[in-house]
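> Protein sequence lines correspond, in order, to chains R and A.
Residues in the first sequence are numbered consecutively from 55, following my numbering.
Residues in the second sequence are numbered consecutively from 55, following my numbering.
By construction, these hints were calculated from the structure, which means they are not laboratory data.
Hints are not guaranteed to be accurate.
Same chains, same names: a pair is fine if it fits in one copy or spans any two.
[To be verified] In silico DSS-like links for lysine-lysine, alpha-carbon gap of 27 Å or less: (1) K687 x K800; (2) K727 x K266; (3) K307 x K93; (4) K687 x K778; (5) K337 x K305; (6) K470 x K731; (7) K305 x K509; (8) K555 x K755; (9) K93 x K719; (10) K731 x K755; (11) K305 x K95; (12) K796 x K755; (13) K825 x K731; (14) K687 x K470; (15) K792 x K463; (16) K463 x K572; (17) K337 x K687; (18) K305 x K420; (19) K93 x K553.
Quick caveat: nothing in here was measured; it's all calculated off a predicted structure.
Number of protein chains: 2
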Amino acid sequence: MPPVGAGLWRSLRAHQVYGANTDVGKTIVSTVLCNAIQKQKQRAAFLKPVSTGALDEADDRHLERYGAGALTKCLYQFDEPVSPHIAAREKTIPRDDDLLASIHKTLSGWARSDIDFALVETAGGVHSPGPNGNSQADLYRPLRLPIVLVADSRLGGISSSVSAYESLLLRGYDVQSVLLFRDDYYQNHEYLGNYFRNKSIPLVSLQAPPPKPVGSEADAQRRDEEAMFNYYEQASRDSEVLRLLEELNTKNKERIDRLEEMSERAQDLIWYPFTQHQGMQAKDITVIDSAYDDYFQTFGFGEQAKPDSELRPTFDGSASWWTQGLGHGNPDLSLSAAYAAGRYGHVMFAGAVHEPAISLADRLLKMLDNPRFSKVFYTDNGSTGMEVALKMGLRVACNRYGWDASQEKIHILGLKGSYHGDTLGVMECSEPSTYNQKVEWYRGRGHWFDYPLVKMVGGTWKVEVPGELKEDLGSDVEFDSLNSIFDLESRLSSESGQKYKEYIYRTIKELVETHGMKFGALIIEPVILGAGGMLFCDPLFQRCLTDIVRDHPELFSPNASSPKAAPSWSGLPVIFDEVFTGLYRLGRPTSASFLGVHPDIAVNAKLLTGGLIPLCTTVASQEIFETFSSPEKSDALLHGHSYTAHAVGCTVANDSLQTMSDMDKNGSWNEFKEDWKANVPATANSSTENVWSVWSNGLLKDLSCADTVESVFAIGTVLSISLKDAQGEVRYTSNAAKGLQKSLAKGSEKFNVHSRVLGNVLYLMSSVTSKPESVREVENILRASLI
Amino acid sequence: MPPVGAGLWRSLRAHQVYGANTDVGKTIVSTVLCNAIQKQKQRAAFLKPVSTGALDEADDRHLERYGAGALTKCLYQFDEPVSPHIAAREKTIPRDDDLLASIHKTLSGWARSDIDFALVETAGGVHSPGPNGNSQADLYRPLRLPIVLVADSRLGGISSSVSAYESLLLRGYDVQSVLLFRDDYYQNHEYLGNYFRNKSIPLVSLQAPPPKPVGSEADAQRRDEEAMFNYYEQASRDSEVLRLLEELNTKNKERIDRLEEMSERAQDLIWYPFTQHQGMQAKDITVIDSAYDDYFQTFGFGEQAKPDSELRPTFDGSASWWTQGLGHGNPDLSLSAAYAAGRYGHVMFAGAVHEPAISLADRLLKMLDNPRFSKVFYTDNGSTGMEVALKMGLRVACNRYGWDASQEKIHILGLKGSYHGDTLGVMECSEPSTYNQKVEWYRGRGHWFDYPLVKMVGGTWKVEVPGELKEDLGSDVEFDSLNSIFDLESRLSSESGQKYKEYIYRTIKELVETHGMKFGALIIEPVILGAGGMLFCDPLFQRCLTDIVRDHPELFSPNASSPKAAPSWSGLPVIFDEVFTGLYRLGRPTSASFLGVHPDIAVNAKLLTGGLIPLCTTVASQEIFETFSSPEKSDALLHGHSYTAHAVGCTVANDSLQTMSDMDKNGSWNEFKEDWKANVPATANSSTENVWSVWSNGLLKDLSCADTVESVFAIGTVLSISLKDAQGEVRYTSNAAKGLQKSLAKGSEKFNVHSRVLGNVLYLMSSVTSKPESVREVENILRASLI
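Work the whole structure out from these sequences, hints included.
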């Protein structure tokens, strides 16, 4: 099933009617509103997606009778007056996706016809289960229709109305109006009127409907009907009701207006990150109304075919800059965030501690499963976390080797194309590039190795050695599978392994001995160098690099003793920047595990909070921690941000890590893994978990054979496509991927795809919760674009 | 009234009973639980803080009759069976604070006696209003008792139960158990059992109580009683009930155990920000269970007198590292955060836009009210926001003056004691100090002025000129009020104004001409230099500095033309770091307004989200923005974080700014302002708003005369006390303030005070929502400590 678009139409004001409880008069309120619309010579329609209770009492029948000609429709009818999830046990149950699609289709049809106003009525209260047993508030969330909340006028109704409102809000619904019956004894309308006025939500109190008359059956029914007709006649002319309808009309218009002008306003007010504004036009800015699961709901279509609704599902193909893990608008994470905000707000974290920070430190250390790790330092994002790692690394190296850093230039050992963030300290850790070369204070302090790349070319996996290194490292090697490339235990003793090591050893020796360079840390993005252009480094090279550094401390200082065993660091402190690659982005808790290396320091961010809010951890060994220990305050790691270990972030992170780890244990990715198992070579070490991806093997083979494609790779949630650049430009300066990006933005009938490019590379990334059918449809769009 | 402590006792398991709705059987459930406790030879007690309904039906009477000897108590009784806020209209209403204090006192008394288990029953549903009309869930939040939620077994009860649970959660309550009656038709217990099991919350379904018997009055009552006794007899032996009670017992114990070991675990796992760990002991770590309004709820008392409960309210006297604005556990901010999480999660912000980011940019620009500002750049914290400001400043200066920054060293002009964050780029912008001098890559690029300080000494406000500057700037000047010091229009033409300007002009000229220095930006923390030691710079000096820089561009480059008028920058781009001082921290939307200066770039963070989560803005002029515009991608400001403009932060920030601005307009701080008005000199410009503080004038006078105090000052929410250091140490290396800090940590009977020291300076900071009575009580504690 395609994802459903959120519902928004110019010609149709569509609302969902939720009740604060069952039996609060949703249908009567709906009838009043439809009546009033019809009497203004407009057309109203009423949709009951799922109805329970005896047929002749069904809500759509009531509306048919009293709705002054409003159109009515029911999609699924169950007889028993119980929750739909129980009633539905007896019948064929519509799938949630089908139900949503039917609603969307019905409303879109109405929007094309002469209907001006539509109500979609829910059953029971906001959390009453739908046919498949999940809460309606969750079930209908993808449509995110503006809400008409019918409050409860009975004793206890204040509480249930406010709670219902809060449940809707924390799912990102806009409650646009509240209606309830006047009850002069309980006076809920007074209290709730004030309450919602403070939130700028109009509340209308209606006269209560007439009581059921007593008397002989037929007569009573006649009198009941008459009383109800009179009631609706009056209520539908109630000036408050008419004002409300006017307001709803205005709100729909204003919402569209705001969406329409939003890209212009953004052009006016926003200085975008990583963006050359020259030539950028308002129309290039994607207007996001909301998001759910893997999809943005976007507004504005440019040259694309206009869909039924003003909003369209757009697959979040960059996983929102690599952060998304558990889907947009995840109600569990919202609730976790709200709980922490309610329990703590933010409480300062110098000399104090709170439960979520401790739990997260504990949980993270267990998940990283590295015997070297002992201490967790919290910051706000990958860049600041890497600054902390850098400060740690420089200090321990200078301390052990007796270097006076105020007099000497200490360098970083790394890889070409590395990127560790945008703050100036970590910018210094990358070699000169488009990103940093024009930053006034940037100098670059380090040596960065060239290295062989892993890629699939023409259907074959290979490790490609750059031309200038062939003499040192030998020629390209082909592999029968990605798994074989990661079979490092065999490859270490291969010719490649030997050549890599010799080359690395020789290079460092020359840098230190001939050029007099001093190195303070080895910094690596394991497996994939992200921002540098989605460069898939041969894992064997990264492994050999750490091995040489650790096995040959004498390379770095004559003061160095023999290699030290874990948990001590040896040679140089090894820092792994797993900001992007860690925490299941590549299908495993750590990307270090692919290299079989335990770093001394690791930095995690992005997926740490499941893709909700900024938080970062820098984890280090006890030995590194103790290097900062002294009687002098000034020897401490004097780093800290105001919101260090903020409770909301830590709580959400605890939930996210737990969820991802549960998914791992429960085999949630087995369907994806199955596709990659077929490729495991007989020689592979059976104890090593296979390398796998949500992107299919078949897709890789096909794309890698396409004319315009230079190479591809996939691992975990990441897919990378290098396109041939006619001008021979590569990486950041190439425009080769723009065409593919445009084609994805056009998408298929079902949805379109947001993607990011890095020069000639277009990458796509799913959440860890993305369903196979979503990923496969993205693959279809890719095939259609490239093959 | 003192703030109430959260309720937690070793010997007493106290719970609050909330109902998913009214009439769900809270009292019957309470009676079952009390019965079961009593029958295990333990003592149960039942507290009904507020009861409505006829006296003989009151819940505590029911419990008295059927509770198997459980102790019962009702604090306030109203006769009408309506919401307490209506019932209470007729009677004397207890203040919320009194009600909370009574509950706490009652429970503490029970904890000291032989009571093992206590239930505090609410009235109606979770949001049913208390006697003063606010929701009970909010009213009782300061106690944060663990919750026994009685779910609703009727039709619609699934929804109301889940919503009630969510409303409790988003206020930071721990729901420890759910009970409800079995109803085999609606089967809510089945659904809810699964639901809560997934959240690791035990749910117990009880047999429904017997129906009311029919028949003659007396007989029916006798049979009813008999049936109820039988019912309770059976239910209280229900194995599920007994297991639940055991679980509640375990949870109470585990909670205390966790709190007890938390500081040890922190010592084990956490690398603290800005902390020298050597010598730090677990007992030095404050264990925070939760927080509400201005208070942490802290565990563990060291040498302090043990209060009634295991938790004690601790005034958050550092405003959680200067972030707190709207109080901890603010339910409105929690709901905003949850709404944004539900509507968006995080959606990427390169080439895309969403409503909260646009609204915030718009709102912020209006609030900053600076005609130079045009564009908003988002980052995650003050440090990264200042890195962005720095990159902007360096670029525009180098561009205008034609400097090749890759070849030349470009410096910053600033003030001694400035501090702009912990990332390496902005560390370079501060002069060498304890904070940075041992950071291996730190060099420091700039010139930093000495300057006169504002302080109250011996009851008199003065501007104190450092000894070495007296020749240049003249001697100390006394003022009759703080307002007079800020009367810059008069002071500019005074002798001081002239001397300041001459000195600044001469100094810059010499730096450039004699030392050949090039400057790329002027960076100022307006009014107070925070982390550098709470240094209150004479605002006239900061004003003169910006005036000279702008009036004399020729100082900086021979290429400079004559001074440029706003909105163009002149001389140097002027960057104001308002991370700490902005957004009402000093009582005004901007601290720039105190200087009468419109900076070219400003950075805001901390209070931006009202003290909830990290977010930062760097605001700049259109001219600065356009300097980065070019056909080259590499000329753009290539900076950006994954969570740039995250929707949760922007939404919360919108709410926070709106709330603070409303408070400003509504005169929320009039009581504080009144105290400072008395001091306005007749000569003051009536159009200038007065300078004021939440800290009283009288306190300042008294403290400034205390023997151990060197000087004091207060402005807005900030109070700073400089203590005399016997060893002559100042700033970061002094320990003079430790004694005062210890005394505040001991506190008064009502609460104690968390504070932070910067060397010989102890500062205190309130929220913008702090109530006068809280602040005055902190003042009492200060007086008792110092005078």
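> Indicate, hint by hint, whether the structure satisfies it.
Hints, verified against the model:
| no. | hint | verdict |
| --- | --- | --- |
| 1 | K687 x K800 | between (58 Å within a copy, 25 Å between copies) |
| 2 | K727 x K266 | neither (62 Å within a copy, 61 Å between copies) |
| 3 | K307 x K93 | within (21 Å within a copy, 64 Å between copies) |
| 4 | K687 x K778 | between (55 Å within a copy, 20 Å between copies) |
| 5 | K337 x K305 | within (24 Å within a copy, 56 Å between copies) |
| 6 | K470 x K731 | neither (32 Å within a copy, 63 Å between copies) |
| 7 | K305 x K509 | neither (52 Å within a copy, 53 Å between copies) |
| 8 | K555 x K755 | neither (32 Å within a copy, 72 Å between copies) |
| 9 | K93 x K719 | neither (59 Å within a copy, 43 Å between copies) |
| 10 | K731 x K755 | within (15 Å within a copy, 78 Å between copies) |
| 11 | K305 x K95 | within (20 Å within a copy, 62 Å between copies) |
| 12 | K796 x K755 | within (23 Å within a copy, 68 Å between copies) |
| 13 | K825 x K731 | within (19 Å within a copy, 64 Å between copies) |
| 14 | K687 x K470 | between (37 Å within a copy, 20 Å between copies) |
| 15 | K792 x K463 | neither (41 Å within a copy, 38 Å between copies) |
| 16 | K463 x K572 | both (7 Å within a copy, 23 Å between copies) |
| 17 | K337 x K687 | between (54 Å within a copy, 19 Å between copies) |
| 18 | K305 x K420 | between (50 Å within a copy, 24 Å between copies) |
| 19 | K93 x K553 | neither (85 Å within a copy, 79 Å between copies) |
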